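**Student:** Single-letter residue listing:
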Amino acid sequence: MSGNKEEEDPRIHGIKTKIRVVPDFPKKGIMFQDITTVLLDPKAFKDTIDLFVERYRDKNISVVAGIEARGFLFGPPIALAIGAKFVPLRKPKKLPGETIFEEYELEYGNDRLEMHIGAVEAGDRALVVDDLIATGGTLCAAINLLERVGAEVVECACVIELPELQGRQRLKGKPLCMLVEYR
Amino acid sequence: MFAAENGLKGDPRLEAISAAIRVVPNFPKKGIMFQDITTLLLDRKAFKHTIDIFVDRYKDMQISVVAGVEARGFLFGPSIALAIGAKFVPLRKPGKLPGKVISESYELEYGHDRLEMHVGAVEPRERVIIIDDLVATGGTLSAAMSLLESQGAEVVECACVIGLPEVKGQHKLKGKPLYVLVEPSGLDEFC
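Chains as they are written, first to last, in our numbering: chain A, 1 to 183; chain B, 1 to 191.
Heads up, some of the hints might be wrong.
Output of the computed footprint for chain A on chain B, the stretches with three or more beta carbons under 8 Å from beta carbons of chain A [as the list claims (entries may be wrong)]:
no., stretch
1, 27-38
2, 43-54
3, 82-96
4, 105-116
Simulated pairs of lysine to aspartate or glutamate, EDC-like, Cα-Cα distance not exceeding 20 Å [as the list claims (entries may be wrong)]:
no., chain 1, residue 1, chain 2, residue 2
5, B, K48, A, D50
6, B, K96, A, E54
7, A, K46, B, D36
8, A, K46, B, D60
9, A, K93, B, D36
10, B, K59, A, D41
11, B, K96, A, D34
12, B, K30, A, E98
13, A, K46, B, D56
14, B, K48, A, E54
15, A, K43, B, D36
16, A, K94, B, E70
17, B, K29, A, E54
18, A, K91, A, D111
19, A, K93, A, D111
20, A, K94, A, E114
21, A, K91, B, D36
22, A, K43, B, E123
23, A, K27, B, E116
24, A, K93, B, E70
25, B, K96, A, D50
26, B, K100, A, D24
27, B, K93, A, D34
28, A, K94, B, D113
29, A, K94, B, D36
30, A, K93, B, D113
Please keep in mind that the hints were generated in silico from the structure rather than gathered at the bench. Everything numeric in this text was worked out from a predicted model, so none of it was measured. All C-beta atoms in this analysis are idealised placements derived from N, C-alpha and C, irrespective of residue type, glycine included.
Excised from the complex, chain A in its bound form (with noise of 0.2 Å):
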């Protein structure tokens, strides 16, 4: 799927064309990628999903972690589809239950990604999903996490890329796999 422009599955066009662009959002510069037009269309947000479980299935994956919000979407369809755990990584106070935390940097200051304790064990091997990379500092808050329980991060995987941003470098020498370049 990234990279590999001349086997590029035929599906991969029919989603990027579904793919929202929203100039100036959340402030003026930005292009945001929107894919709630993805879910929108059954059989593009369906294509998404079977893209991601055909890599996976067979990589015997037992948890998969999605960064609140948006890899919500995502993250448990693929989850239910290989036959893993499904993990929500949240912004700060919404788990219930005991977490650990791990800091990122934002533009202006940092933010917090929380995991429950207990939801992963040692010698789990990892998938994160998320919508979209741009920085990667969410993405490697949650390799970070995962692998402080002991789990094994198998990859990351997002819908979109934004390969200028570089991302992909400051993801821990884990690989990147991405459906859509946005440049």
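Go by the hints and put chain B onto chain A.
**Tutor:** Leaving out everything else, chain B in the frame of chain A:
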């Protein structure tokens, strides 16, 4: 209406679902017995049962839209939508959706919050189900219904995994049917 009263009485899947839900006392504040569905998502069989029960119910009802309430409605809604061939529409907290939105406010214990939906996501006369993890007072679901009906859609049913005691005996929410899989876990120990 609870699933057990509506054709699924004694269904072992409901027990498995109920057993997989963790109760966290005093979250987010003292006195609340929080129903944590993250443990349901860790139980692959019970999670699949949850989705299957909703899919079996809705697959022949010509539902063209599944609307899910942020954020825990996002954990269940998309899988249901995919399985029944419907669109998924996220209903979000203010400022998250990038395009033009309509919004509806609803009451919290102290103050208000708002729910937003993209204009154009839903068309007139579409048949919609609304999904959330849990229904308590029904305030959020009522706001969700208002958003969808304002666009001319028909809300066929509201569906939740868990229904708090306030809703037991209520089959309808603002005149629309309410379908719930299980009651809260762990309350009997504290009554």
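**Student:** Determine for every hint whether it applies to the structure shown.
**Tutor:** Hints and how they fare:
Beta-carbon proximity to chain A at under 8 Å applies to 5 residues in the stretch 27-38 of chain B; the threshold of 3 is reached and the given coverage holds. Under the rule that three or more residues need a Cβ within less than 8 Å of chain A, the assignment of the stretch 43-54 of chain B holds, with 5 such residues. For the stretch 82-96 of chain B, the stated coverage by chain A holds: 10 residues have a C-beta nearer than 8 Å to a C-beta of that chain, and at least 3 were required. Coverage of the stretch 105-116 of chain B by chain A is violated [criterion: at least 3 residues with CB-CB distance below 8 Å; count 0].
Simply put, K48(B) and D50(A) have alpha-carbon atoms about 17 Å apart, close enough for the 20 Å limit, and the pair holds. Distance restraint check for K96(B) and E54(A): the Cα-Cα separation of roughly 31 Å exceeds the 20 Å cut-off, and the hinted pair is therefore not satisfied. At most 20 Å may separate the alpha-carbon atoms for a hinted pair to count; K46(A) and D36(B) exceed this at roughly 28 Å. The suggested pairing of K46(A) with D60(B) holds, with an alpha-carbon distance near 19 Å, which does not exceed 20 Å.
Annotation: proposed proximity of K93(A) to D36(B) holds, straight-line Cα distance about 13 Å (limit 20 Å). Only pairs whose Cα atoms come within 20 Å are accepted, and K59(B) paired with D41(A) is accepted, the gap being roughly 17 Å. A C-alpha spacing of about 11 Å is found between K96(B) and D34(A), which places the hinted pair at or below 20 Å, so the restraint holds. Our distance criterion of 20 Å between C-alpha atoms is met by K30(B) and E98(A), whose separation comes to about 16 Å.
Note on K46(A) and D56(B): the hinted pairing holds, with a Cα-Cα distance of about 19 Å set against a maximum of 20 Å. Using a Cα cut-off of 20 Å, the hinted pair K48(B) and E54(A) holds, with the two alpha carbons roughly 19 Å apart. Under the criterion of a C-alpha separation no larger than 20 Å, the hint pairing K43(A) with D36(B) is inconsistent with the structure, at around 32 Å. A distance of roughly 12 Å separates the Cα atoms of K94(A) and E70(B); the hinted pair therefore holds under the 20 Å criterion.
Between K29(B) and E54(A), the direct Cα distance comes to roughly 43 Å. Violation of the 20 Å bound is thereby established for this hinted pair. Using a Cα cut-off of 20 Å, the hinted pair K91(A) and D111(A) holds, with the two alpha carbons roughly 8 Å apart. Annotation: proposed proximity of K93(A) to D111(A) holds, straight-line Cα distance about 12 Å (limit 20 Å). With a C-alpha separation of about 9 Å, the suggested pair K94(A) and E114(A) falls inside the 20 Å cut-off, and the hint holds.
Taken as a hint, the K91(A) and D36(B) pair is honoured in the structure, with Cα atoms around 16 Å apart against an allowance of 20 Å. Restraint check for K43(A) and E123(B): the C-alpha separation of about 18 Å stays at or below 20 Å, so the hint holds. Distance hint between K27(A) and E116(B) is fulfilled; the C-alpha atoms sit about 19 Å from each other, no more than 20 Å. Only pairs whose Cα atoms come within 20 Å are accepted, and K93(A) paired with E70(B) is accepted, the gap being roughly 15 Å.
Annotation: proposed proximity of K96(B) to D50(A) is violated, straight-line Cα distance about 27 Å (limit 20 Å). Straight-line distance between C-alpha atoms of K100(B) and D24(A) comes to about 13 Å, which keeps the hinted pair within the 20 Å bound. Distance restraint check for K93(B) and D34(A): the Cα-Cα separation of roughly 16 Å lies within the 20 Å cut-off, and the hinted pair is therefore satisfied. Pair hint K94(A) plus D113(B) holds up; C-alpha atoms about 16 Å apart against a cutoff of 20 Å.
Only pairs whose Cα atoms come within 20 Å are accepted, and K94(A) paired with D36(B) is accepted, the gap being roughly 11 Å. Simply put, K93(A) and D113(B) have alpha-carbon atoms about 18 Å apart, close enough for the 20 Å limit, and the pair holds.
The structure fails hints 4, 6, 7, 15, 17, 25 (numbered hints given earlier, in ascending order).
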